[in-house]
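As a plain string of letters, each chain reads:
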Amino acid sequence: MRRFTVLLLALAGCVGEDIVMDEVDPEVRITNSITTMEIGTTWQFEYMFLNNVGVEEEPDQISWSTSDASVAIINQDGLATALDYGEVMITLSVEYLGEEVETTIPFEVTDDPTSSSQQNRQGTIMTTSSYDLTGDFNIEVDGNELVISFDENYIADQGLPGLYVYLTNNPNTPNGGYEIGPVEVFSGTHEYRIPDVDLFDYDYLFYYCKPFEVKVGQGEIE
Amino acid sequence: MRSKLARVKLNDMRKLFLTLLIAVPFLTQAGGGWTKSKGSAYYKVSQWWVVAAKHYTSNGSIDPNATMGIFNSSFYGEYGITDRVTAIVYFPFFSRAYRNAQVSGTTGMTTSPGEAVNSIGDTDIAVKYGISKPGSKFVFAGTLLLGLPLGKDDGGSDGSLQTGDGEFNQMVRFDLSRSFSIGKVNAYGNVYAGFNNRTQNFSDEFRAGGELGAAFLKNKLWGILRMDVVESLQNGLSSAEGSNGMTIFANNTEFVSYTYEAAYYVSEKVGVSASYSGAFSARLILAAPSYSVGVFLDLK
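Residue numbers (my numbering), protein chains in the order written: chain A, 16 to 237; chain B, 159 to 458.
For the record, the hints were derived by calculation from the structure and aren't laboratory data.
Glycine included, every Cβ here is placed at the ideal spot set by N, Cα and C.
Do not rely on the hints blindly, as some may be mistaken.
[Stated by the list, open to error] Simulated restraints, written as ranges between beta carbons of each label pair:
hint : chain 1 : residue 1 : chain 2 : residue 2 : range
1    : B       : A366      : A       : E72       : 54 to 64 Å
2    : A       : T96       : B       : T265      : 44 to 54 Å
3    : B       : Q328      : A       : T46       : 54 to 64 Å
4    : A       : E61       : B       : T265      : 41 to 51 Å
All chains should be built: construct the whole structure from the sequences, respecting the hints.
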């Protein structure tokens, strides 16, 4: 029956639809988290909400809260104020499709200057197809650029036409991601410099064959 | 017998993996080592198609891809200029390639629109010369084929929809054939080998194959079993390097394929044919069977 259907479609030459299973868990992410906060200062937290296909959108309702209002308080615009020494957790909750999505970050109020929790991220790309794709990478911010550096062990298959690399928040599709560009280096060290993208904007390096519209591999950014 | 054998025209097979091989010569079959007698001709109008959601990768595994299809409406003709020289043309006068839209299973939104391109396709012209004397027990012929890049090699929004690969290729091929009988059944066999010189940084190819055919129903029905081998010499650019890496007409394609074909004469001169082709193994080519149906006119 399937072959018969294929035959009919072919004779008609109709452009049909392929369904892509692209659902992911919705996520709210604080993009400028800290590990320490200087007492007596404020910190404006920023966040992004990613829906069930990994695309950023504005949630209907958000809520900021603190675990210990004697150490730090936070208003509903995400502005935190450090009041006393100690450890505290800030929680951001979002309502999405009738469910609550939240994230929590811990930090300590000290005399030291406020410091970001992470300056760089790493990961390992690996194939999700039959094409060769492997290698470790490091991501860091340089000025207003995000720099993705690949180690010596990087290898990508040259037998595949139209291989592109993206930054995404959905490991199933490039939709909603940032297209870095076509893959032009197939082994060894190299880097991409991407303007106006922050360290925590994306969670995956995503390799995609455009002509075949198929995922080739991915690297989760740890 | 020669005329009977010549009736079994094999152009459909030549289109086996057209989707990735448009510019590869289709003259993998053209009456074997037999040439047309002077003034005789064979014409065929046929439809060939393949729809695939999988492809053979560079290491021979099978991976998924967006559903894509291509179908060709073509004219094929052979004409005997002399008893030993036959002119051959394959002209896909309408070729359509398409790729399905990609739709989110979560939101129902189209994330990548479907596309199609229509044009004429890459065309072959060839001359076959009978090296052996007419009437020989074994017949031997050489063919020179020119693959003309008349198809479109940059269709669609990203240039990856194609009805041709944009390269002019030349192929030399030699066929050795013999007819024989199994009881009351007329049959024939053919083997061939060829070299396909490709341009535009595509790898050259070695080609070979064999074929067995037998006649039934008082020679009205011909059944054919065919095998073809394409081996890339790997002396061109990789798929990623060539054509800006955007073509689905991958370079360095290889396959070992089979074809079942039936041709039935509804009258002395007119017949219909159908074929089914698949691959035993392959690299960088769609992983789906191809089909063809056609109507032919055999003017002896």
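### Task
Output the numbers, in ascending order, of every earlier hint that fails for this structure.
2 and 4
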